[in-house]
Amino acid sequence: MTEVVTKDELGEAFAMFYGMAAAIGDMVEPAPEMDDAERVQRAKDTFLHGLDGTFALQLDVCVHCGACAEACQFYIGTEDPAYVPVRKLDLMKRVYQRELSPLRWLHRLTTPEITADDLRAQQTLVYDACTMCGRCNLVCPSGINISEMVHLNREALAAAGLMPDELRFMDDGQAADGTIFGADADLFRFRIEDLEQRLGFAIPVDKESADVLLVTSGLDIHLFRDATGGAIETLTHMGIDYTLLSDAYEGANFGLLSGDVKVQKELTRKLTEAAIRIGAKVVIVPECGHSFPALRWGAAESVGKPVPFDVMTVSEYFGRAVMDGRLTLEPQKHEKPIALHDPCKVGRWGGVFDEPRAILKACGYDLHETDSSRTYNFCCGGGAGNFLIERADPLKRAGYRVKMNEIEKTGAESLVVSCGSCRMNFEVGKVKAGDTMPVESLAAVIAAHLPKTPKEAAE
Amino acid sequence: MTLLDFARGPALEWAAVIFVVGLFWRIGGLIFLARARPLSRNRRDDLWRGGWRMVWSRFVPNRVFRDRISLQFLAGWVWHVGFFVVLLMFEVHILFFEGLFGLSWPALPNTVILVAAAVTAGLLVMLLIRRATQPVLRAISGFDDYASVVVVLLPLLTGLASYAHLGLAYETMLALHLLSVALLLVWLPFSKLVHVITMLPSRYVMGVKFWRRGVEV
Amino acid sequence: MTHPPPSLSDRLRAHGISRRSFLRYCATTASLLALPPAMAPRIAQALEAQRRPSVIWLSFQECTGCTESILRSDAPSIESLIFESISLDYHHTLMAASGHAAEAAREAAMAENAGQYLVLVDGSIPLGNMGFSTTAGESNVETLRRVAAGAAAIVSIGTCAAYGGIPYANPNPTGAVPVSEIIRDKPIVNIPGCPPIPAVMTSVLAHFLAFGELPELDDLGRPVVFYGQNIHDRCYRRPFYERGEFAESFDDEGAKKGWCLYKLGCKGPTTYNACAVLKWNGGTSFPIEAGHPCLGCSEPNFWDAGSFYQPLSQATDLDSRTLALAVGAGVAGAVVAGVAGREAQKAHHEAAAKRAADRSKAEVSE
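Residue numbers (this note's numbering), protein chains in the order written: chain A, 1 to 459; chain B, 1 to 217; chain C, 1 to 366.
Where hints are given, some of them may not hold.
Below 35 Å or equal to it, Euclidean Cα-Cα: the simulated DSBU-like pairs (lysine-lysine) are [to be verified]:
1. Lys270(A) / Lys186(C)
2. Lys305(A) / Lys354(C)
3. Lys93(A) / Lys346(C)
4. Lys361(C) / Lys93(A)
5. Lys346(C) / Lys262(A)
6. Lys346(C) / Lys192(B)
7. Lys279(C) / Lys265(A)
8. Lys361(C) / Lys262(A)
9. Lys305(A) / Lys346(C)
10. Lys354(C) / Lys262(A)
These are computed hints drawn from the structure, not numbers from a lab.
Here chain A stands alone, though its shape is the one from the complex (with noise of 0.2 Å):
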């Protein structure tokens, strides 16, 4: 593997970033004004459009058992009855009790209509405290969707204006530009430029057509060099037809983390565009857990019609090419046991176990599994933008602290994961707790195992 970005480097870009997304509470513009009836009016029409007889039927059957804060960690970490997941729904349900229960003529004498203060309230349960992992579905007896539900409590927030202020200021900045943290297409043509030195080769940027279509993201351009690095160095072994397009890299999709359903639809549709212009089999989305479902679950959706190409994360992709025996991989001898986490949204969300699984053993690996792993997995802490939420710090801190016990327990040396917010999450966590467990990128790690051109061995 060439080495793309050195620790140094590495380091000092964390603090950039770091201190970048710090200063955002500071950048932030104030909130757009609106009245009170107008937050409420809006809410509710977004939780009715959402709310189709799946969702009523989850939101109708829920017995108040309580088992879901067991499976959380916010809760687990604060043992705050506030933070219980099925709470989160309390005001949506309220909303289903009066607009749209069989028994609405009842409950609209018993329960009370949702006021914009509790919207406001509604904000730090369903942003700070919740990053729609989905754990809590997994414990539930009666298998209530709580986190697809929490997500239509952010749209209906971010309908009626009540985003927090980090998500707002991504939000609208993608809107504005499409990409996240400034990395217009300059950035991403230097940084490409910077990879090209030192990888050493050409790497394909705007080709008429491919078969796979690499995109990136801002977290990548700025920070995480090595995973795009890793992604471009391995397909380029591999021989595979692919390209970056300059108007189609960014994976981020802050309208699907923030709730902003239209702007989330737009990116969609750009990526997807762009992806069915140049007739893309496939398009690897980049190590960046929410990039995946954003594509993956929303191509078709974004254009109203099925798309003809394949939507996979670097890890399945890669993944499969090991399993498959496509890419072979070069077992080198790790003395340390390593760890992995399975990012939520690509994970529990997406599916892909197996494959991550697959490369870390043809790397030749000592995989030691937490106690939750795959399907039950738990969240870095900080998924979904949480990791930009300010107030949500003590939170945060807390979510980490229950996956990194789970991960020391295991008596691993180092943690692969792949995706960005998660590496980004643990990097944070572990200077704020006073940790030094390594996280790498998985992408970076199939890169460092790839057999070495007779030039290598030669050197």
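Since chain A is already given, all that's left is putting chains B and C on it; use the hints.
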């Protein structure tokens, strides 16, 4: 008309009618609602398999949750089973169903029923106290939650009292027992107790959703 | 009347009954009434001193079963002889007089003993067409009102007089009511049963004669001593109930083994009477002992409390037909609720879309 005549006659009759019509109303109003249909490609087809799988798998909590919720699940299991054993396997209850449907089946010995009813009632009382004291449950409990436990508990307590000839005169106790059953029947379709019908379908739709995404739960 | 009438003891001696057996009767009565043994001599004294109080027996809508019952006290029993101690001035089945003479005897007794006489009633009173039941051209309700006016107390013999009984049963074509519905200003004691146990009737009379008042009554106007416990609690088949051993039909193994008759509709658990203790025909047996479930004949509305052979734990009105109708209505309701739900969804979506369109129009115009 004595209280017992009222309980055995009009009370049960009207309660049963309200129960049936109310239940259909509630379920109909739910299942006929329009549902969103995804356009994106499934990771796995035969969606019904995922739904069916989850209907059964969720009866037992996954290994990773056991440390934290085993006791709660166990208590839930025991009282639900106890309740249905008492409801369906008690000699005189079978007589009730025989009177209604003309069908009967073998009963369990009275001592078994007595123990089951006592354990069930005891657990329900414990769970009620737990709901009122445990912070998490307190935070998420409303009138429906407390009332539903009481409404389920009443037939057990009045049933035990009339079986053992405790408290009021037998026919009064029996009447109260039947009235508490009538209350349960009337309460069920309009409360969270409707989960006896909607819980498994709810599991099913979640199982389908996960299965579609290639996740077996 | 110049001679005082002979006292009871005189008459007993005339019948060849020893003082010993008379005292034994008094002791039995005392114990039946749950009085302390010391009361027995007082009963004897009172009875001996009694000067044949006048008793008027009115029969309305009845079957004469109650009269039969009281007559079937085994002869020559002391229970039957108790009638020697009263002056049964009117009983249109038993009295020798007939026609106008009978009514004349009653009127004479009423005049002579105004405020003193005891009225025994069997049968219910129709309030519908007065022609439904008359005696000597007078409607039952008129007779009762008139006769009761001068009574010291009234004893309603049998379930019909006490609670309306069979004539009162749905649909009650004659508009029958019990005595207590018509007479509200006199002490009334109910001795329900279809018919009542003879000893219960005679004991209540003895109590009245001895103490000049009625025994302690429960909330249904019944003497607590006889009606205080239910049949089930005193039933000799109770252990089979506890063990869950039931006769399933009248001729199965369980029936032959004398198991509990609950499943055959026994109303013992809800019936308050002394049958299981005093029994019938001189203590020989009672219905359950004979293998038939208790009908609950001494309880109000026993005729309308579901089938005699329907177990107590079954609903009386609810049946599978009602349920099927409810299911039909429910299916219709489900469709209505479903359509209404979809309409609500559509209305919400349309309203929201319109609001969104208005908003973007407003934004454009800005």
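**OP:** Starting from the hint list further up, note which numbers the structure goes against and sort them upward.
**Re:** Of the numbered hints given earlier, those the structure breaks are 1 and 7, listed in rising order.
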